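K.L.:
Sequence:
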Amino acid sequence: MIQQSLNQQPLCLGEKQWPVRIITGTDLWVNAKMEALVEAGLISSHVKTGSKIWELTPYGQSFFSEHHDFCYGTMRVRSIKAVSTGNAGITDVTFTYYIHALPAWAKNHSVRVANTDLDNLVMGIDSVRYHARFNTDSQGNIRLISEPEQLDLFY
2 MIQQSLNQQP
12 LCLGEKQWPV
22 RIITGTDLWV
32 NAKMEALVEA
42 GLISSHVKTG
52 SKIWELTPYG
62 QSFFSEHHDF
72 CYGTMRVRSI
82 KAVSTGNAGI
92 TDVTFTYYIH
102 ALPAWAKNHS
112 VRVANTDLDN
122 LVMGIDSVRY
132 HARFNTDSQG
142 NIRLISEPEQ
152 LDLFY
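2 is the number of the first residue of the sequence shown in my numbering; add one for each residue after it.
Hints may contain errors.
As the list claims (entries may be wrong) - Label pairs and their in silico Cβ distance ranges:
hint, residue 1, residue 2, range
1, H47, S80, 27 to 33 Å
2, C13, D138, 44 to 50 Å
3, Y60, S147, 36 to 42 Å
4, D93, H47, 50 to 56 Å
5, T137, T27, 32 to 38 Å
6, R22, S111, 19 to 25 Å
7, V114, D93, 31 to 37 Å
8, V114, R22, 32 to 38 Å
9, E148, E40, 49 to 55 Å
10, V78, S111, 28 to 34 Å
11, H69, A89, 38 to 44 Å
12, A102, V129, 15 to 21 Å
To be verified - Okay, derived cross-link-like pairs now, SDA-like style, lysine to any residue, Cα gap no bigger than 25 Å in a straight line:
hint, residue 1, residue 2
13, K82, W19
14, K17, M2
15, K34, S6
16, K82, P11
17, K82, F135
18, K34, V48
19, K82, P59
20, K82, Q10
21, K34, S45
22, K17, F135
23, K108, S52
24, K82, T137
25, K82, E150
26, K53, F135
27, K53, P20
28, K108, S147
29, K49, W19
30, K34, W19
31, K82, K17
32, K53, S111
33, K108, K49
34, K49, D28
35, K34, S80
36, K82, G42
37, K34, V123
38, K108, P59
These aren't lab readings, by the way, just hints derived from the structure by calculation. Keep in mind it's a predicted model, so treat the numbers as computed, not measured. No residue lacks a Cβ here, since even glycine has one placed at the ideal position from N, Cα and C.
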């Protein structure tokens, strides 16, 4: 049940519209994020009449086309670390994870620096714990009652 929940949450950067255009010399944060994707080979840039424009490369298009975003995998349960049931009948399951099919571009240092969520997830593989809660209904069916949540802060 935990894995089914994780499978519904692909890990993505949130870059959904291409091309991206800014006035040259503005939006330094956007520029930094885009240049990280250039370094990883996902996009290319050029300047045209006072604007900087980033467009998908063929390599980037291959990753972008599936989810209309740059997705870098899904979390997978690596190991169950603890299972405990409290007085209210709620069972708490603690687990570690890995990221299935993590592409090479997601390991790129510049991409990781520009995308802290990605960096934290990659750094937390096999060490950061998550937990999910379950209960049993009146018919004896086990139900997931909370989405998997991070327990440890790893910064």
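K.L.:
Does 27 to 33 Å hold as the CB distance between H47 and S80, or does it fail?
P.N.:
With a Cβ separation near 47 Å, H47 and S80 fall outside 27 to 33 Å, so the hint is violated.
K.L.:
Within a Cα-Cα threshold of 25 Å, do K49 and W19 meet the stated pairing?
P.N.:
Status holds; Cα separation ~16 Å.
K.L.:
V78 and S111, beta-carbon distance inside 28 to 34 Å?
P.N.:
holds, 30 Å
K.L.:
Please test the hint of 15 to 21 Å on the beta carbon pair from A102 and V129.
P.N.:
holds, 19 Å
K.L.:
For the pair supplied as a hint, K82 and K17, confirm whether the alpha-carbon distance does not exceed 25 Å.
P.N.:
Between K82 and K17 the Cα gap is close to 36 Å, so the pair fails against 25 Å, i.e. violated.
K.L.:
Take a quick look at whether K17 and F135 sit within 25 Å of each other, Cα to Cα.
P.N.:
This hinted pair is violated, its Cα atoms lying about 34 Å apart.
K.L.:
CB of E148 to CB of E40, is that within 49 to 55 Å?
P.N.:
Violated: the Cβ-Cβ distance is about 33 Å, outside 49 to 55 Å.
K.L.:
Would the pair K34 and S6 pass a check requiring their Cα atoms to be no farther apart than 25 Å?
P.N.:
Since the Cα atoms of K34 and S6 sit roughly 29 Å apart, the hinted pair is violated (cutoff 25 Å).
K.L.:
Between the alpha carbons of K34 and S45, is the straight-line distance 25 Å or under?
P.N.:
With a Cα-Cα distance of about 12 Å, the restraint between K34 and S45 holds, given a limit of 25 Å.
K.L.:
Check the hint pairing K82 with P59 against an upper bound of 25 Å on the C-alpha distance.
P.N.:
violated, 42 Å
K.L.:
Okay, T137 versus T27 on CB: inside 32 to 38 Å?
P.N.:
violated, 56 Å
K.L.:
Check whether the Cα positions of K34 and W19 lie no farther apart than 25 Å.
P.N.:
holds, 14 Å
The structure fails to meet hints 1, 2, 5, 8, 9, 13, 14, 15, 19, 22, 23, 26, 28, 31, 33, 35, 36 from the earlier list, while all remaining hints are met.
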